[in-house]
Structures are given as structure tokens and as C-alpha cells.
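Q: Fit chain U to the known structure of chain B by using the hints.
From first to last, the protein sequence lines stand for chains B and U.
Taking numbering that gives the first Met the number 0 as reference, the numbering of the first sequence is continuous, increasing by one, and the terminal residue is 157.
Taking numbering that gives the first Met the number 0 as reference, the numbering of the second sequence is continuous, increasing by one, and the terminal residue is 438.
Just so you know, the hints here were simulated from the structure itself, not pulled from any lab data.
Careful: at least some of the hints might be erroneous.
[To be verified] Partner residues aside, some chain U positions facing chain B, computed with beta carbon under 8 angstroms:
1. L232
2. A236
3. V254
4. L341
5. T372
6. N375
7. N381
Computed from a prediction, not measured in an experiment: that's the story for all the values here.
Think of the CB as a built atom: it goes at the ideal place given N, C-alpha and C, for glycine as much as any other residue.
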Amino acid sequence: MNEQHAVEQFLYQQSELLDNKKWQDWIDLFTPDGIYWMPPDRSYKTWDGQPAIFAEDKNLMEVRMRRVLHPDAWSQRPLWETNHVVSNVVITKNSPKGNLVVKSRFHMMELRRDDVRHFAGSYEHHLKKVSSGYKIKLQRVDMANAQAAYDYVLQVWV
Amino acid sequence: MLRENINDLSKYVEPDRVRREVYTDAQIFDLEMQRIHEKVWIYCGHETQVPKAGDYYTLQIGRQPMIMVRGANGKVNVLYNRCPHRGNMLCGDRKGNTGDFFRCSYHAWTFHHDGKLKTIPMKEAYAGTRYGKDNPDCSIKKAARVQNYRGFIFASLASDGPTLKEFLGKAIVAFDDMCDRAPRGEVEVVPNCFRVIQHSNWKLFLENQLDALHPSVVHQSTGRAAHEVEKILAKKAKSGAAPLSYHMLSAFATVTIDKWDNFQTINYPYGHSVLTGYMGLRPQDPDTLAYDKIMIKAYGKKRFEEIIGVNIHHVLVYPGLSVQSPLQQLRAVRPLGVDRTLTEIWHFRLKGAPEPIYRRSLAYYNLVNSPATLINADDLENFWKCHQGLASDGGDWVSLARHYGRDVEQDGAVSSGPNMGTSEAPMRGQMKAWAEYMK
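Chain B with its partners taken away, still in its complex shape (with noise of 0.2 angstroms):
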């Protein structure tokens, strides 16, 4: 049960760095090798070598935390908001030398200029055991609206 809880308590952090900005603090999160994977849709097994909505190691992170926080990065001047609700966790896998496997449910509402677009979906965490807490070694985000048009892009992690 503590595990369960300590578990709950780091995925509503990280949701809660993202939706604060703090982009280095949700940068850090992650293992040195650590990736952030979104699928275009469920059916894909790996992220390398196939079409990927974000398939980012901790360089192509800071590239977009820089380009995020570049002063002309003129997607970013309007007011943009964004709320997580994380819930459903499980851990799925707990193994004796620290490695978890956790799957969660979530769902994102974002707001740019007047506009409010909702994005769900489910959360995997290939989680590290340190003493720190936990590090991310992957995150794989399979979004229900993965395959419908956007409207608009996305411009940073969901």
C-alpha cells in the first residue's frame, strides 16, 4: 500500500510540474537514458525507428523547454493554460530491484486564448526506484484522441 501511495504522489507531481511550466523540474524526472513516447496510435510496440507524435530523449526535451522559453516563440505569447487530473493508477509490475510498471488514466484541458480543447487518454510509467523517490526510464502516453485531426498542435508534454 505504500508503494501504491508513493506511486500516486510522484504522477500527480509530475502532472503538476507541467501544468505549473516548471519544465527543467519535469526534465529532471527522468532517467539520463530516460524517453518520452507518445504513439500515433496503440497498436505500436517501440518508439524507435517508427512515426511517433513525441519520441523524445532528455536532449530533444531541452530543445523544446528552450524553444518553449525562447522570447520568439510566437505560439507561446497567447495565455495558455493547462489542467491534469490523474487517476485509475495501478502498478502492474514491481520487481525485487526497483523497477515498476504503472498505468494510469488522464485527462488534460488545455486553454489557449478562448479556446478549450480536452485531451484523455492513459499513462504507462517505466519507473526506477532511487533514493530520491523515482526516476522515469519510459513514459509512454497513448491519448484517446491520438488518431483524430488536431486542431491546432500540441506544444509540450501532455
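A: What follows is chain U alone, placed relative to chain B:
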């Protein structure tokens, strides 16, 4: 004043400027769908999207919902997505396999893959009427003309007009350049389509494609960010170089605004154009050299040099296709309304090329063309702003006058002048073609 003269659209386009209504007026939009998109050759898809009999994709040509379907005889047909009985749409999904025939979900009329009527339930009910197998009105209407060029399927909803090859003219290089770069002379689609909607008129997308002035203004943020990380990675790397994908992004900043004048646009009849000059040029890394070797084996040294020497950044096939042949990217532009436009974005594998070469095309597809694009986000923001501004009474004209009067015309092609790559010649060429179509 002009709104009342909508039948005389020549008043809307001058050689160096265009009336704003051309982008914002819903009535003009309907006319352009009728006179341009529903008449000229429109890209439907690649034949490898529908490899098996019965495989289909739906798409929009102008305002017309269409089906691209592979027949049992191997031929790809393009049909109206409409049952001839009571008008029901036949395919409600975006893609799939229809089996041996189409079956309407309303009254179960069935049709062959080429649209011909197969069966009507209890057909005796039509005895003595004008309806039955012999009446072509009982079959699904087909696109008037369908042509396949090296696997790329085009359809025209008008029975007359130039052939596909006449229409494409020199812009055919988009498909030749892509296929020729494959050791086996063919490409294969990667079966994923990214679809992105922009809140602006379709023409704003097309005008942006060969606008060489915009990249260093609009994409500075990503170019800089990628360049900073690229430098860090290069320092750490044994080879002294960061992965090529960083260069694809950093070039938006490292190619400074003045350097874009070194590129050149060549503008052809029907509004097509080519932007010459390519960011990556000829890298000499081991992956490229391995690919070169396979290419030389396939084509011989001389032909290989010709193929690889094709100097193209971007080809625009007016009114609805943007192709980056050296990176095997293709974007089809589908107008949804006067202020809403869908782009369908695909990339291709060069048949016979080694995996690392595919990875380059994939990196560009993911970083630049995915719905989490690091590049197009800022374009889309500008398209929206542009459309908002044009919808206002703040001015009547859009200026396309950059380097106007200095274009060089030769054999029907109009080139931007020397060191005038940022010329607005492509937009002038597009609007000239538009005015011609809209007469």
C-alpha cells in the same frame, strides 16, 4: 462594391497585390472549390496506402467526399462516397477494407470496387422502371479522370482539361526526385497520416511553403534552441558531430535571414513552384556513403550523380500539395471551409535504401511534421493571425511585391532574380494561376 461584382474576379488580383476577400469571402471560397479544386488534378494518395483489393481511404476533393479504393484487378479507383440510391455515404470510416464489394448501410445495394452496381435487394421491385443494372445512374459515380504517376494517385473531377503530365509540367520533379533517390526507383508510404487543422484560408498555407523570408523570423526559437543543444552534443560526440536531425532544426536559425536570398524559386504554369537549395546538401558521414555505394550499384556513377545533384528543397503543386522530395515528406492540403484547412502529412521509405537513410526522413517527420511539431506550431499561429487581420477592414490589399519587376522569365518559367530567393514570385505565380482559373 467589389462584393457585388463577384462574377468579375479579375478585379481582385493585380500582378503585385491581391484583395483580402480572396482569402476571407465564403462565396469566393465556394467558387474556388468549383473552379479550381473540383476541376484540376488533386492528389488522392499513394498506391501503397491501399495494397490489397478492397483497401480504401476516404478523402475530400474540394467539397466532394471521395473514396480511393483498390480493385480486385489491382487498379486504384477514385469514387464519390455516395450511394446512387438515396445518397447515403458508403464509407463512414477514414480507412479500411470493404471486402469484395461495397454494401450500402442503408438499403444494402452493393457495388464493385470500380463503382459498378452489383446487386439491388429484391430487384424485381424495379421492373419496368428506369432503374436497373443497365442504367449508369445506378452505379457509384467515379472521378472523371484518375492517373497514377510512379505510385502517386491523382484524380480530376472534370472530364476535360490538361493531362496529369501536362498539368504537373516541370513540377513532376517532386515525384521523380523522390522515387529516383530510391535504389529500386520506387517509394513506399509509411502507413501513418498526421492530420492537423489550421484556422485560416488554404492559400495561406501554400503561400508559406516557398516563402524563404519567413523561416528565420518565425522559426528562430526552435532553430536557436536546437543549435544550442547541437553544440553541446557535438562537443560530447566522438565524431564531433551531433545527429543530423539537430541540423534539420538548427538550420532555421543558422541560415540567417540574408542567406535565404541565395536560394531560388522557379515558378511554373498552373501555380506550381520549386524552391532550390537544400539544407543538408551532401553529408559525408558513413551512413550516406553506404547509401551512395548502393545507389551507384543500382544506377551507375553518372546517373547517380545526376539524381543526387537534383537541388530541391521544396516543390509546391498548386492548389494542394507540398512535397519535400529529398526528405520524402508530403503534405496534402484539404480546404474545409474559407477559414479552416486540413493538412494530411505523410512520409515515405525509399525502396532499397538502408535503414539510417529512412531514419532521417523519420526524424524530420516526427520533429517538424507531427502534431507535436517544433516548427509548424509557429506557422499555424501566424496563419491564424493572418486570417484574422485579413478579415478586418484595416486594409483592402495584400502585398506580394517583394522583388516585383525583377523576376526572370524563360520558357514559360518565372524565376526569382539572382540572389532574390526571398522574392514573392511564388505567391505572384499562385495568384496568377488562381485568377486564370477563376475567370
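Q: Determine which of the earlier numbered hints do not hold for this structure and return their numbers in increasing order.
A: Hint check: 2, 3 fail, others pass.
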